[in-house]
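Undergrad: Residue numbers (my numbering), protein chains in the order written: chain C, 1 to 161; chain V, 162 to 769; chain L, 770 to 1245.
FYI, nobody ran anything at the bench for these hints, they're computed from the structure.
Given the structure is predicted, the values throughout are model-derived calculations rather than measurements.
Keep in mind that the hints are not guaranteed to be accurate.
A few chain V residues that face chain L, going by a derived Cβ cut-off under 10 Å, partial list only [claimed, not checked]:
#	residue
1	326
2	329
3	334
4	338
5	341
6	706
7	734
8	735
9	744
10	747
11	750
12	753
13	764
Beta-carbon label-pair distances, calculated as ranges [stated by the list, open to error]:
#	chain 1	residue 1	chain 2	residue 2	range
14	V	736	L	865	21 to 31 Å
15	V	733	L	1160	26 to 36 Å
16	V	768	L	1230	39 to 49 Å
For each residue, glycine too, the CB sits at the ideal point set by N, CA and C.
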Amino acid sequence: MAINFILVVALLLAALWTVMTARLIRSAFGLALTSAVLAILLFRLDSPMAAVFELSVCAGLIPVIFVTTISLTHRLSQDAFQIRQKERWGKYWYLLVIVVLVGVLLSRRALLPDVPLPVVTHPTDVRIVMWNMHHVDLLGQVAVILAGVFGVVILFKEVKK
Amino acid sequence: MDNILLLPILVPAVSGILMLLIRKTRGIKEIATFFVATANLLIAVMLFRKELDFTLPWAGFGMEFSLRLYHFSSFILLATGFFGFLIALYCTTFMREKGALNQFYSYLLISIALVNGAVLSDNLVLMLFFWEGLLVTLFGMIFIGGKDSFRTATKAFIIVGISDLCMMVGIGITAHLAGTLTISKINLPVDALGSVAFVLLMIGAISKAGAMPFHSWIPDAAKDAPLPFMAFLPAALEKLLGIYFLARISLDMFKLDASSWLSPLLMIIGCITILLAVMMALIQKDYKKLLSYHAISQVGYMILGIGTCVPVGIVGGLFHMINHALYKCCLFLSGGSVEKQAGTTDLEKLGGLGIKMPVTFGCFIVAAASISGVPPFNGFFSKELIYDGALERGWIFYAMAVAGSFFTAASFLKLGHAAFLGKINDANKSVKEASWPMLIPMVMIASLCVLFGLYNALPLNNLIQPILGEHRLEGHNFSGMPTNAFLVIMTVLVLAAALLNHYLGFKKQGSGIKAVDHIHYAPVLHPIYDRAEKRFFDPFDIGMRVAGWAAKMIWYVDRVIDWLYDGFSVGMTYALSIGIRRAHTGNYSVYIIWSLVGLMVIIFLAVR
Amino acid sequence: MLPLFILVPLFCLILLNVPPKAIVKRPAFWLVAALPLVQVFLTAFHPVAVWDEIRNPFNSYFIFNLSVDALSTVLLLSIGIVVFIAALVGRYTLSGETQRFNFFNLLLVAFLGMNATVMVQDIFALYVFIEVTAVASFILIAMQKDKPALEGAFKYIILSVVATVLMLSSIALIVMAAGDTSFAAVSSAIRAYPASVLVKVAVNLFLCGLFIKAGIVPFHGWLPDAYSAAPSSVSVLLAGIITKVSGVYVLIRMVVTVFGIEQSPQAVLMFVGALSIVAGALAAIGQSDFKRMLAYSSVSQVGYIILGLGCGTPLALAGAVFHLFNHALFKTLLFVNAAAVQEKLGTVDMNKMSGLSVKMPVTGATSVVALLSTAGIPPLSGFWSKLIIAMALWQSGQYAYTIIAVLASVLTLAYFLSMQRRVFFGKLQEGLENLTEARLGLILPAIILAVVTVGVGLAFPIVLDKLILPVQNILK
């Protein structure tokens, strides 16, 4: 339990750093770190599938894309960075307050144990529930993918020219 | 269910609206109006003495479109049709050179439709609808009279409107007490609330009929409005309608009897109206204005008659209603002929027209004799019946009624003398008799005056007495010669006194128009008359004066309220608006914060 | 039969993109305009309930599990109307064949997304199709790629992501309690544990997500930017139907069918509803941007719907749905007017226009119809729905909210009249002497909508009887 608590605090700190830092590259690393901590947390809470996804995609793939993109930009000068950093704290100091408030609020009430979890009637896991029983969602997925393609075509194609 | 009952409402109403569309073509409007009025008369004749019912669901809550035809309403329907027909005929020549003709004819026809509707309605709300509609045509008809008529029109609108408002409240109370809006089903006792309802309804009825103190627009309108309007609405239709409704409320809708305090109230209103209005009539120097005061005064007789609550008085009052409509209409029409031919109605400029316009003069004599109660014309018989009823209730009422009769006779002697006899004015040397479409209505009405007098059994047995019904008449029959010799002798004496008075006055002053000046300038009366002429006693003007003071007071209160509306609330709104606009900085993180704060509050409230 | 509402647009979408662009570019409009018209016809003149019984030929391969009730019917009808109008407006306002073609494609995606949203019977599927609609709208807003458009789209995405997170977390919690995501299972699970904190948190998380989607104060920050930055045709679509389906409809569906009226935080719904009404109206007063003012007006009008929903009586619900339908009509009409003005003047700044109705009589007149309907002036359609909502509120004893609702109507009238005075009435702005009425393609939708608005107002007993009052049945 104590380990989980420490992990949650670490998660929050990493997330805060991600948001508050003025350098993009640090922000990207912060995101990776956050995802990594989250993955560990998920492992500890017996959700290995989710943990693997989190680790590979959110901690692995996405930061790589970010870093690649950021490397194409100009780096902020040290002075500008200092100023931005100050501005950022001035602007978003309340994030810290909110994080603490939410923590206090959630810790006051234990969410979980007041509902008897239903007995799973057939031995299926989430994958089966999500794919085999929701055919109509497939149409939705197709549509989302199509919309995404349109988005890329419309918003980014002409930029190349 | 007889939709034929819709005809007397729809035919004039639709053609009246269509009339507005005809703009330029001369002649068509007159002829079309005449035909519609004729058709309306024929419909009324056809419906006469039938008993029909017609009901359509209308607004719900007991407000049904229900019409009921029975002897009383078919009688009023017939009378309306008759007068409408005559006025339409009269107008074909009279109105020729006036303006706003299409409006006038439209209002004329719509008025007929509305009166028909109000008379036929068997539902209070439906009747109120038609009743109020008449207010609009009244306003319109006065309004098109000329440049200055707007003030008069407004005055009429306000006075009649206020009394209609009373009536509306009365209808509300009546409906509450009776539990129904159907007129023929209402039969209420005059207890505390019942008498309040009665008084309110009565105010509506007598103000439509033009009794005091709701009269003051009529003399003004006489000056401003087109003359056929005067002959048609205030002299004929509104009297018919007002007295019809008064009779309905006192005979059917409320169990009014002689013991109730409402009966003396009605009689007092009647007597005061008779006397005061006739005193004003006496001193008028204008043909139309003089007549208009008589139109008020005579209502007093009807109210007095109905207010006596004894059969003879009620029969007299209702008989007087139709008689009055006849002779007053005839008198106004004769005034119209004089105005048309001589170009003025100012008595100072008239005189000696009797030779030039013999037919008009003849009709005038008949009608004037009727209104003064000279035997054997119709007015004599109805007045005798009213006297009989009044005497039964108290000599004071009788005395006031007879005094009214004296002044009526005196003022008509003066009017006839000034207009038709005496030396002819130079300007009127070339005056000719009016054309036949104007004469026919007058002659017809005058002969009816004679007929209803000599053969009074015809109207009384067929039209008036069935209204009361056998159980109220108690076997009496009031037709034929008056039975009370004392009354007849008194009447003859009073008429003789009026004649003597006129003769003496004429001798003293040397002209017909000044024959009553000794009354006008009598020691006590003179200052009162002066003030009355200056509208000092006009309830409308008094009301307006009070309203003026009140308005000044309210004006200051209003500034504060205004500020609350215009200053404070608008200012607040804009301040809030600017505040909200400033809050929308366009920064998405701010918006996210708002959402998250909202979320937290909601979750906190939920799990609290 | 029901899956066809999703499958046909999807099929058309593929059909438009497989052949060479040159061939399909022109007929694309006709296809996209015809589909919603057919839908309007089907929903308005055919009893939808019958379709459920027609056998689905794909039944053996796919289980779609769709269903249509009275509420969905009203929404299907509204979707049909607004998408048709948006297609017309898009054809006549967007420049360039390619941009139009892209617009029509995305319109189809949004169309099928919305159709599916109102028919699915499963909260996860609901979420998926809300996202389909949302993704299509992001791209639609950003389509012109100028700075305000990108900014508006960005704010929409960010706030939508928050909404998505809230809804997904809620679904996760619900699955934990119910073991399934179908409406029936979720509903029975929620009713089984009325006191559970978990369930309450789940319900409120979902509600807050939907508040963001529907643009309810204080969750509305994205809405004015998105509406005003988007191209006219997209504004029509967004304001008229997208937020109404993905926010308001889902809210009604969740509260009524899934959570159950008695389990929902009625006080919260009514409070945010009233807050939206007032704050939206007040914010609208201060705007000088035509479209932005309409956007705040949208916030205010959605407030009425939520207020009616929060009241929870059958009559209030019927009023809310009726107002939803009416809002789709008159707000679409107003945005069409805005499109016409923007098309002719090149600006939506109200300070730069005045006296336009001399030169643009149809636009001026139809906007008067729309604003009177919005402000609830009889006998236009908006009056009846507001009347029903106010009556229902009064009946259930919510006097304070009734008064707020009625007074805010006055505010609505105030900002619309001031808009009218500034934009359409008064003296013609100098330099606009050569202004002409917008072209037929923009006038036509305005006229159609104005006629429908007046028609629904006049024939309101029929509309109420056939279309709206059956909605009460979904409470049972």
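Undergrad: Confirm or reject each hint.
TA: Going through the hints against the structure:
For residue 326(V), the shortest C-beta to C-beta distance to chain L is roughly 25 Å, which exceeds 10 Å, and the interface hint is violated. For residue 329(V), the interface hint is violated, since its Cβ never comes within 10 Å of a Cβ in chain L; the closest pair sits about 23 Å apart. Because the beta carbon of residue 334(V) sits about 27 Å from the nearest beta carbon in chain L, more than 10 Å, this interface hint is broken. A least Cβ separation of about 29 Å between residue 338(V) and chain L goes past the 10 Å threshold, and the interface hint is therefore violated.
A distance limit of 10 Å between C-beta atoms decides the matter here; for residue 341(V) the minimum to chain L is near 27 Å, and the interface restraint is violated. Restraint check, residue 706(V) versus chain L: the minimum CB separation of about 37 Å is more than 10 Å; hint violated. Contact between residue 734(V) and chain L, as hinted, is supported at the beta carbon level, the nearest pair being about 6 Å apart and thus within 10 Å. With a least beta-carbon distance of about 7 Å to chain L, the hint placing residue 735(V) at the interface is held under the 10 Å criterion.
Because the beta carbon of residue 744(V) sits about 9 Å from the nearest beta carbon in chain L, less than 10 Å, this interface hint is met. For residue 747(V), the suggested interface contact is upheld, since its CB lies about 7 Å from the closest CB of chain L, less than 10 Å. For residue 750(V), the suggested interface contact is upheld, since its CB lies about 9 Å from the closest CB of chain L, less than 10 Å. Because the smallest distance between the Cβ of residue 753(V) and any Cβ of chain L comes to about 6 Å, under 10 Å, the interface hint for this residue holds.
Given hint, residue 764(V) at the interface with chain L, holds; its Cβ is 5 Å from that chain's nearest Cβ, closer than 10 Å. For the pair residue 736(V) and residue 865(L), the supplied restraint of 21 to 31 Å is violated, since their beta-carbon distance comes to about 45 Å. Between residue 733(V) and residue 1160(L) the Cβ separation comes to about 28 Å, which falls inside the hinted range of 26 to 36 Å. Under the hint 39 to 49 Å, the C-beta atoms of residue 768(V) and residue 1230(L), about 45 Å apart, fit the expected range.
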